[in-house]
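Engineer: For the sequence shown, the residue numbers in our numbering are 105 to 982.
Treat the hints loosely; a few may be bogus.
[What the hints assert, rightly or not] Below 25 Å or equal to it, Euclidean Cα-Cα: the simulated DMTMM-like pairs (lysine to aspartate or glutamate) are: (1) K360 <-> D328; (2) K543 <-> E561; (3) K274 <-> D382; (4) K908 <-> D932; (5) K848 <-> D467; (6) K497 <-> E587; (7) K518 <-> E675; (8) K864 <-> E802; (9) K979 <-> D918.
These are calculated hints, taken from the structure and not from any lab test.
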Amino acid sequence: MKQLETISQKTSGKVNQTKVYLVNHTHWDREWYFSHQDSLVLSDLLFTDVIDELEKHSEVSFTLDGQLSILDDYLTLYPEKISTIRKLVNEKRLFIGPWFTQPDALHTQGESLLRNGIIGKLMAKKYGPVMDIGYLPDTFGFNCQMPLIISELGIKSFVFWRGIDPAKTKSLYFNWHSLANDRHVTAINMPQGYGTGMLLAPNKGYVAKKLDPAVDFIKEFLPDNFSKVLIPTGNDQMAIIHDFSKKTTQINQIGKYKYQTSSFSKFVDQVKKCDLPDYSGELLDPVFSRIHRTCGSSRMPLKLAIVRLENKLIYQVEPLFVVGQTCGINLSNNLLIEAWKKVLESQAHDSLAGSISDEVAEDIQHRIKEGNELADGIINTIQRLLALKLHLKSNQVLLINPALKENEGYHKIKVFTSDQYVEFENADETVLLKQKYIKSRSDVLLQSSDGNHYVTEPGYFCSEYLIKKILPPLSYQILNFHEAKQVDKLSITNTSSRNIISSNNITLKFEDETVSLVTDNYTITDFLYLEDQANDGDTYDYSPLANSKVLKLHFNQANVTKTKHGLQQMELLGDAMLASDLEQQNNNNKTGKLAYQLIITLDAQENITLKVKVNNQIKDHRLRLVVKTGINNNLAVSSVPYGFNKRVPQEEKNWQDKYSEKPVNVWPLDNNVSLSDKSKTFTVYSTDVKEFEQNEQELKFTLLATTSQLGKPNLLNRPGRASGDTTNVGHPLIPTPQAEYLGKYEYNFDIRIYKCFDSKKIANQSYLLKSSALAYQLQDLNLFVNRLDNKLQDDLLPKMDLPKELSLFSEENDLCVSACYPDYFDADAMIVRLFNPTKKKIAYRIPNNAEVVNACDQSQDYSGSVESFDLISLKIKK
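All chains should be modelled from the sequences, with the hints used to inform the complete structure.
Structural biologist: Next up, the structure:
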């Protein structure tokens, strides 16, 4: 590993003043190339051994990897050990938590990271206090707002390995500030990883060749007068080191430093007393270790499934839960927690990164299926019980806005009717999107009070409509509909403009296989297209195949449809013959076919929506959507949790001299990314894609990066060993044929063109795009469209009377909404989290029925304003 010359060399005269803190721990991947069930089997022996060793040696402590889930799993095997575990935890000899799982910190949303800490603390109640450290020893890099997130969980310190560049932080131990400088945590880096002192052998060979040199290396990157060094002594799925104190004593007789048994918490307490440098920014540099910056597109379809469930829970299920509880529907918060566990288990750092075996990917997919069933069951139950209590008729729809902001956009509604067409009352627009006729059935059983009858069931229409209507914040209302002779729908209205859609200021035109955008007297040619390139990488990273070319994929057909109200669509179709795998790439053969479709929707308000559909039959390639902005600015501004971060392309000609992998200009996509010039801002939103790159005027979004190997050695962008142990002795390469992801996939994007960069407007838009309205029809034509419809009966109804319309959040303020959910620590309260996405602090008056708390329900002081890029959590009593 290269040593940076920016940190001063230490003199040998200070050696004996250095205290080295040895920490006994294990790092426990819940799943990786082995399954969660494999880990459970291992924990039977290893965790039992930990407990036995701690009971024998009262002076020893052990850290159980900072995640509660693995201890909960172990307790299912040994429920009788809970009293012993509780005793060890309360004596601060067994350190647990604070997380539920060890999360990925780049491709999860801030709210999910907070739920991880919240549920970790909830699950720890039966054991004792959690470790007061945001401990993430193996996560592949960190966003710049992690100090804010960790601080919001009531935690003041952070221990980590990957992503640091000590030339930026000025030390391995530093005060890490969020974008709002009023929040910081004490950050401790382990530059050689959590296995630096593994095995801890008390002999001259180990101490002279491994342990003392490790301390020497760390001291190279500490301030001159710093005399404290952390050495973790565990490793992956590693058992507790026996006779830890005895071995430490023996090492002290051999080594040149003063070694002592310790814990992460004790070391942090010592470091906090020291004068530390300050740093604000992300930790995304592969200086000491790989961070796999392109893992944001590894196993992309699996990521889509995870983020779509994540969005459903944050932006629909949780606020709907609040509406239900307000209306007397008292489902248990534990239902939400069980659904969240499915997400959080799938967001563990290896799992969400995609660096897993095919068998583990199948486990995650099933877990997400279970999470969706829980989420959908909650939605179904609350909607139906509300509809029953409100005595909805079959020609009425219950329309719920889960956003704490007014939503004036389009809303999808599915209805079952005997009439072919219907029209919705008090809606600004009604557009029929699609329709299916269900044929009549004979000899269908009808059960009634006077016996069983066999009848003929009439046919009916299943229709999906798009309506435009203003919805108040966090509200429900009843929408009536009646039969219509005809209805507005997307159709070809003018053959002379078949390849053009336009509004007042935006025109999109398809010509010569390309799409052009014209707005405000300038034209962007080649506005949208796909690009493809061979992928010689693995499930950790994309890496280009040597001498392979980037292929530009255009379209060969356009179909334009319009409504009379101004909603327009351009459907673009294309296909390409490509090399079907790496072997064909090397032989320059092209026998594989990639078919793709891009649907562009333009409404009267000049909102552009994109849906990309791909039928992937190509292996070992990376496919990206390219959006050309027409803006010459190399400074992209992308959202991060509760704020925005500037991205400047890196230029690293001799990157091998400093980095362990190439620091490519590929970045995590939290919600949106913008490019601006003096006259306009071009913003691209995505609710599901997790990776982007800027190349001059172009923004590139990865749709697929497919591969057949878990880990491969000697990649162009990552030379040397394979990641994931597969070039270690006895660890052969692991094929991942399912990671080729042959099949059909869809991706969603939205584009807005603004006059200037307005962070608050962009943050609000991003929130509304994810907070889709929910619609429910109380009908008996199809009781299987929702799985619980035929099981939820009148005797389950809430006892209170309900108004025909309800809005629970009407206060206007200058802050943006992050989340609304039932208080997980107090059944009689709800939490509303607001944030300030601007560069100036915003004054905010707390509602009379609210108090300021942190994410773990601890009361907080409040000065009357929310700092730039900061948040506020409000506890509101019901």
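Engineer: Taking each numbered hint in turn, which are not upheld by the structure, reported in ascending numerical order?
Structural biologist: none
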